[in-house]
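K.L.:
Chain A is already provided as a structure; the job is to place chain Y on it using the hints.
Chains A and Y, in that order, are what the protein sequence lines are.
My numbering applies: residue 1 is where the first sequence begins, and numbers increase by one.
My numbering applies: residue 435 is where the second sequence begins, and numbers increase by one.
Be aware that one or more of the hints could be misleading.
Said to hold, decoys possible - Here are the simulated DMTMM-like pairs of lysine to aspartate or glutamate, each with C-alpha atoms no more than 20 Å apart in a straight line:
no., chain 1, residue 1, chain 2, residue 2
1, A, 187, Y, 662
2, Y, 516, Y, 465
3, Y, 607, Y, 670
4, A, 187, A, 138
5, A, 56, A, 84
6, A, 56, A, 367
7, A, 187, Y, 651
8, A, 56, A, 363
9, A, 187, A, 97
10, A, 56, Y, 662
11, A, 56, Y, 670
12, A, 56, A, 246
Simulated from the structure, these hints should not be mistaken for lab results.
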Amino acid sequence: MTDRPDSDRTLTVAALARVEGEGAMHVVIRDGALQQVQLQIYEPPRFFEAFLRGRKFTEPPDITARICGICPVAYQMSACNAIESACGVVVDGPLFDLRRLLYCGEWIESHVLHIYLLHAPDFLGFEGAIDLASAHREIVQRGLDLKKIGNELVELVGGRPIHPINIRIGGFYRVPTEAELRAFVPKLERARDLAVETVRWVAGFDFPDHAWRGELAALRHPGEYAINRGRLVSTLGLDIAPSEFDQHIAEEHVEHSTALHARIIERGEYLLGPLARMALNFDELTPLAHREATAAGLTAAERNPFRSIVVRAVEVLHACDDALAIIARYRQPDRPAIEVEPRAGVGYGWTEAPRGMLWHRYELAADGTILAARIVPPTSQNQAGIEHDLFEFVAANLDLADDELRHRSEQVIRNFDPCISCATHFLDLTVDRT
Amino acid sequence: MVTTTARPTIAVWKFASCDGCQLSLLDCEDELLAVTERIEIAYFLEATRATVEGPYDVSIVEGSVTTEHDAARIREIRAASKFVMTIGACATSGGVQALRNYADVDDYVSIVYATPAYISTLATSTAISDHVTVDFELRGCPIDRGQLLEVILALLSGRRPNVPAHSVCVECKLRGNVCVMVAHGTPCLGPITHAGCGALCPSYARGCYGCFGPAEDPNPQSLSAQLDRFGVQRVDLIRMLRTFNTAAEEFRNESDRLVAGEGKQ
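In isolation and in its complexed conformation, chain A is listed as follows:
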């Protein structure tokens, strides 16, 4: 290499692009050895957990949706699960199915946004999707068409794609008729075809040789690729209910981040999201998604974060299949929601947001006033793991020149689809070599 880097250097990316929210990265190299890697989250704090105190138990689905414009449904669903558990209510049957249908829409739009607009340009050597579109317009248009169907599914069940208005504790304000859902089937069938094309397209990318060696955790529920119910299980034997989260996972506040770092007590960093779900739920994919995943070279043993783009594409395919199955069995319930009466107590709830498990905890007074709220989003749980993975990647690639190392490091971060808006309580890359 002609551009041999100095043994002491600092690499900085002051504002990370193609991630949701604001963050930076700082890498310090001393005497040719990697000393420190930091993901800096400078997204300003918005204090949701503080102003939820004193609000009514019916409000978190609307309020916590505003934490994230990319995955509002995840916040709404985890909030509903937590508050319903505090009130001793379980929503099942067609209302549960409708929630999962809504969630499938969010998985499709969020994953396709990341695959086509944020992540694929890295593999194909473009600065962004708009440059990609000027070279391969038909590919980007396919992504936009698929994303649109995901958004339309959220809109069909939730009222609008961003911050849906139709979600309430106990169910919905209005449920769709069977005819309204059936009319959507041709679009979902087209989405399924586009998803198959997407899996085959991304499976052909060149992937750097790299592996995550740590723990992976995801929800698991028998008989389904868990989204909005289940226990949290891991590749190292974790198996807990949402009420046990605090006993097994600790959050730490570090100086360089407005996101809190989470660690599994006594073991350390863990990762949530597509790779974890594939590792723990591969057997629960629909037959078509399973077949395409296998043809794309994926197994439950996949550990390369660069290949998470293929996993996301398989999950989009699964979500299309799943949505079609839900619509096929849907019978309109006689009421849009079950009545939920508040009671004093604590409730815990979690669901699989597109980026991984999202945990909520609420403490309610007898009249339904919220006394305390805690929200632990997937990106803040993943932040320590992303730093760890980035450390390993940079340590193995110190011979790269600063610009190349910086670019590749940004890609490592984008592998995890970090949602910085969510995590605040995340990216700019600086590399410091002296």
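P.N.:
Coordinates of chain Y only, in the frame set by chain A:
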């Protein structure tokens, strides 16, 4: 693809927010590629690494000002932009995070963060227009992508955007909805809330919760009196006003009036 140097440069900036309003731009799936042929995206970090130095023809700003650094940044953006357009409740009224304006922010920091000394934040969340001159405000939490396209196309053709400032009630009538308040006694902020959503909530059998902020010339005192007659508790009415546009002038004045104990019929 048309490439001409005459394409206006557009920059998209983020302050304290959920990213949902700038996502609305990427959600224009049918129009996005056609629009990007008519403009030059000079700065849009959520979409691309490539950045172009200012000045910019149009700056689209999402989010509210909650740090000293951001208060300085918006002044720099204003100075580098011919036209500044703010999008969404955070940018136009301070957003849901303006609920801190009623609290002690140090208490808020200590509720969320174990080491408050690591956090730097202002005591208030404020609209962009509280800091710099704004040329156009697009309301909503989130904004409506149809309205966003209308404003961008109007700017490209040099005409005034068609974005009505009447209330959600007018949209309900246009949509042919039965009034949820008159027919079912459901509390609804529609009479004082800015149009733009197409009367979405009433179409789903729920009351409007005010996410587009105050309509032009609203009469919130009259609505409070009506809701009082329906038996809505004052504490609940205050909460309705103090949500996604809590710091918008007309909503703030009315909630402050109710807190002060006035307005009881």
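K.L.:
Confirm or reject each hint.
P.N.:
Verification of the supplied hints:
At most 20 Å may separate the alpha-carbon atoms for a hinted pair to count; residue 187(A) and residue 662(Y) exceed this at roughly 46 Å. Using a Cα cut-off of 20 Å, the hinted pair residue 516(Y) and residue 465(Y) is violated, with the two alpha carbons roughly 24 Å apart. With a C-alpha separation of about 26 Å, the suggested pairing of residue 607(Y) with residue 670(Y) is violated against the 20 Å cut-off. Taking the CA atoms of residue 187(A) and residue 138(A), the gap is near 19 Å; set against the 20 Å cutoff, the hint holds.
Of the pairs offered as hints, the one joining residue 56(A) and residue 84(A) holds, with about 13 Å between alpha carbons and a cut-off of 20 Å not exceeded. In summary, the hint linking residue 56(A) to residue 367(A) is supported, as the alpha carbons are separated by about 9 Å, within the 20 Å threshold. In summary, the hint linking residue 187(A) to residue 651(Y) is not supported, as the alpha carbons are separated by about 43 Å, beyond the 20 Å threshold. With a C-alpha separation of about 11 Å, the suggested pair residue 56(A) and residue 363(A) falls inside the 20 Å cut-off, and the hint holds.
Between residue 187(A) and residue 97(A) the alpha-carbon distance is near 19 Å, which keeps this suggested pair within the 20 Å criterion. Proposed proximity of residue 56(A) and residue 662(Y) is supported: the alpha carbons are some 19 Å apart, at most 20 Å. Straight-line distance between C-alpha atoms of residue 56(A) and residue 670(Y) comes to about 9 Å, which keeps the hinted pair within the 20 Å bound. Restraint check: the Cα-Cα separation between residue 56(A) and residue 246(A) comes to about 24 Å, which exceeds 20 Å; the hinted pair is violated.
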